[in-house]
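Here's the letter readout for the chains.
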Amino acid sequence: MNGRRASYLAARREVRERLRSRAFLISTLVQVLAVAAIAIAVSVVGGTGPTEVKVGAIGPAGETITAQAQVPADRLDLDLLIENFATEQAARAAIEAGDIEIAVGTGPVLAGSGASEPAQAVLGQVAAEQKLRSGLDQAGLPPARTAELLDSSRVGFEQVRTSEDDGGQGIAFLSTILLYLALIFAGYAVASGVVEEKSTRVVELIIKAMKPRDLLAGKVIGIGLMGLVQLLLVVAAGLGTTLLLGGVDLPPATLDTALLALLYFVLGFALYGCAFAVAGSIVSRQEDSQSSTAPVMILLVGSYIIATSIASQPSSTLAVIGTLLPPVAPFAVPARAASGELPLEQLLLSVVLMIAASAMLIWLAGRVYERAVLRTGAPIRFRELLRLLRSP
Amino acid sequence: MPGGSLEVDRISKRYGDLVALEDLSLAVEPGQITGFVGPNGSGKTTAMRIIVGLLEADSGEVRWSGQPIDSPTRRRIGYMPEERGLYPKMKVSDQLDYFGEIHGLDGATASRRTLEWLERLGVADRAADNVEALSLGNQQRVQLAASLVFEPEMLILDEPFSGLDPIGVDVLSGVLTEVCETRGVPVIFSSHQLELVERLCDSVVIVKEGRLVASGTVEQLERDNSDRLWLARVGGAPESWDPGLPGIEWRRPFIFRLDDEADPQALLRAAMDAGRVLEFGEHRPGLAELFRSTIGESGGTREAGESR
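Residue numbers (the numbering used here), protein chains in the order written: chain A, 37 to 428; chain B, 136 to 443.
Calculated directly from the structure, the hints in this document are not laboratory data. Each residue gets a CB set at the ideal place from its N, CA and C atoms; glycine is no exception. Be careful, since some hints might not be right.
[As the list claims (entries may be wrong)] Pulled from the structure, derived: some chain B residues nowhere near chain A, Cβ distances all over 10 Å:
(1) Ser-140
(2) Gln-202
(3) Glu-236
(4) Gly-239
(5) Glu-344
(6) Ile-390
[Claimed, not checked] Examples of chain A residues lying across from chain B (beta carbon under 10 Å, computed):
(7) Ala-42
(8) Arg-49
(9) Arg-52
(10) Glu-53
(11) Arg-56
(12) Ser-57
(13) Glu-99
(14) Val-239
(15) Leu-241
(16) Ile-243
(17) Ala-245
(18) Met-246
(19) Thr-412
[What the hints assert, rightly or not] Label pairs and their in silico Cβ distance ranges:
(20) Gly-176(B) with Trp-399(A): 37 to 45 Å
(21) Thr-412(A) with Asp-359(B): 52 to 60 Å
(22) Ala-330(A) with Gly-298(B): 35 to 43 Å
Just chain A, with the same shape it has in the complex (with noise of 0.2 Å):
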């Protein structure tokens, strides 16, 4: 059997018994899930959802100048909620017994204690603007010219970043997290499969029928693309949640943020499963697999401590380091593209080492998996390690 189909057939195994496996299931709901719930959360709490302001139109005046003043009250996130007068004097009735907060019509501009600032000056602005309106008609321009002077005298609005937070620092934890938690699944799957097949002894059985490089490529492939496929849906569940609930603007790198995130989910992986599958194939028993494990556990754990604080400061020195240092760069790099802190040729940089060291795991990872996976009885000691690895 050609190495390709066997590592296809491996992988297939691999994805075919994680869609059967409750635990799969149940741990991709409850990231979904968790992912959502904040999603929702960061909305409802830390969201600017629009204001809602009980505002009354006094006669056909004030019904013009409401209607008007919809568009700019929706940019400062205000609802306009219309009731019509027919007097002055009803509205300010209504505003006394608190049932409306502002009033407009040909008059002053009618303001209960405490209403909505942002209101009374979109109310007043747009007021004034019909004011003016009715000057010009009076002063015999025609009305085409009137709208026409009235348009060039508005303004644009256009947001410059600033350096404060925008929601980006946010995004880069929860990217940092999801990460941390992708690739610590995986890779500790990848891990239980190896010694499962080892301490089950059906590795034997296989390796009749297969080479162990393409059984080591299929296992890691296989439980790589769930793994990807369970990011992606806890990352679309995320994104699906902000935008349908429609209460907040999206860090304007989230999306950027979101690929790279699955892009080096497969880099990392290559990397930190390639790690998981030398820890599994030098021992034997489940037992040991908790020792065995330790050094990339730690590994991970710390490239992730790091990666946290990288987040916090996403232009430090430690950041840039973190970028180019391939166990940190999984969580590192999307970590600063949210913050907007990653220039492009650090990242391309990043990407080209995190494949050279994947290239060396992998051909590492192949040379002491096929060597020990055969073997059994008490782990395999460092010393040991290093005299398989030199044997032919």
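Go by the hints and put chain B onto chain A.
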């Protein structure tokens, strides 16, 4: 390749100071069932692992139809390891499909063979269950199916009968005989159940401490080893009864070895004098007795005796 023969030519294997195998040679002819017996730790498993390529011999060679065995050939061997090997959380039918496919079958053929073998081995109703939900006996049937599903050209089974109930033993014996007789697939299996080996096998290989002790057909071995053994059962005499005649040596109760000069008639006469003769004749040892006499009473025959 069907109908090929296996030759193991003087393989040796050491683990540090421990000699696992020393110059072990054996041959399995096409269409033959060979029993592989020997006390625990005598190297049977090591030899089988070397044949299927899970271990490398320090020296010696394994040949298939005259050619050194290589990995494509090894893929055609159905192997059942002693510790068994199945994915505990995988569905029985998925598992067998997988083993079929990694041995080169396409998906449809693998599924068909899976069903056929599960049916034949009497576990078709468990096809949708996870392996770990099955009883050990049924797991063993599935394990055997895993070694058969890709239509191997040879079967190497390490203790295939251990832990099976009598019905399981019958089913498995039937399958092995059928596979061997109708397809010419040579089978070699290790077992401590010597009566079973005697009943099933065309030939027997006995090993001790990594060395070949005896090999050949059961009749051959019996003939070689029954040389001048006589049975004289005397009613009422103690087990230790010994006629005390020259050239006649007490071996076991009522079993005597006569040297070339001694006359069986003398033994019979002495027996008749001692009491009522219930049985008299040339003694044919069974495999169990052969095993004990070739391995020696000290050589770890305990396990062999335990199996029944």
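Hint by hint, here is what the structure shows:
Look at Ser-140(B): its CB is around 20 Å from the nearest CB on chain A, clear of 10 Å, so calling it non-interface holds up. No beta-carbon of chain A comes within 10 Å of the beta-carbon of Gln-202(B); the shortest separation is about 18 Å. Annotated as non-interface, Glu-236(B) brings its C-beta within 10 Å of a C-beta of chain A; the closest such distance is 5 Å. Remark: the non-interface label on Gly-239(B) conflicts with the geometry, its nearest Cβ contact in chain A lying 5 Å away (cut-off 10 Å).
A cut-off of 10 Å between C-beta atoms confirms that Glu-344(B) is not in contact with chain A; the least separation is 21 Å. Its beta-carbon lying about 43 Å from the closest one in chain A, Ile-390(B) satisfies the requirement of being farther than 10 Å from that chain. For Ala-42(A), the suggested interface contact is upheld, since its CB lies about 6 Å from the closest CB of chain B, less than 10 Å. Hint on Arg-49(A) holds. Least Cβ distance to chain B is approximately 6 Å, under the 10 Å limit.
At its closest, the beta carbon of Arg-52(A) sits 7 Å from a beta carbon of chain B; the interface hint therefore holds under the 10 Å criterion. Residue-level restraint check for Glu-53(A) holds (minimum Cβ-Cβ distance to chain B is 6 Å; threshold 10 Å). Of the supplied interface hints, the one on Arg-56(A) holds, with its beta-carbon coming within about 8 Å of a beta-carbon of chain B, less than 10 Å. A least Cβ separation of about 8 Å between Ser-57(A) and chain B falls short of the 10 Å threshold, and the interface hint therefore holds.
With 10 Å as the threshold, the beta carbon of Glu-99(A) stays out of range of chain B, its nearest partner Cβ sitting at about 70 Å, so the hint is violated. Interface restraint check for Val-239(A): the shortest CB-CB distance to chain B comes to about 7 Å, inside 10 Å, so the restraint holds. Interface hint status for Leu-241(A): upheld, as the beta-carbon distance to the closest one in chain B is roughly 5 Å, under 10 Å. Interface restraint check: Ile-243(A) against chain B, minimum CB-CB distance 7 Å, threshold 10 Å, status holds.
With 10 Å as the threshold, the beta carbon of Ala-245(A) comes within range of chain B, its nearest partner Cβ sitting at about 4 Å, so the hint holds. Proximity of Met-246(A) to chain B holds as hinted, the smallest CB-CB distance being about 6 Å (cut-off 10 Å). The criterion of a C-beta within 10 Å of any C-beta in chain B is met by Thr-412(A), whose closest approach is roughly 9 Å, and the hint holds. Between Gly-176(B) and Trp-399(A) the CB atoms are about 39 Å apart, so this pair conforms to the stated range of 37 to 45 Å.
For the pair Thr-412(A) and Asp-359(B), the supplied restraint of 52 to 60 Å is violated, since their beta-carbon distance comes to about 38 Å. Checking the proposed 35 to 43 Å range against Ala-330(A) and Gly-298(B) shows it holds: the Cβ atoms sit about 37 Å from each other.
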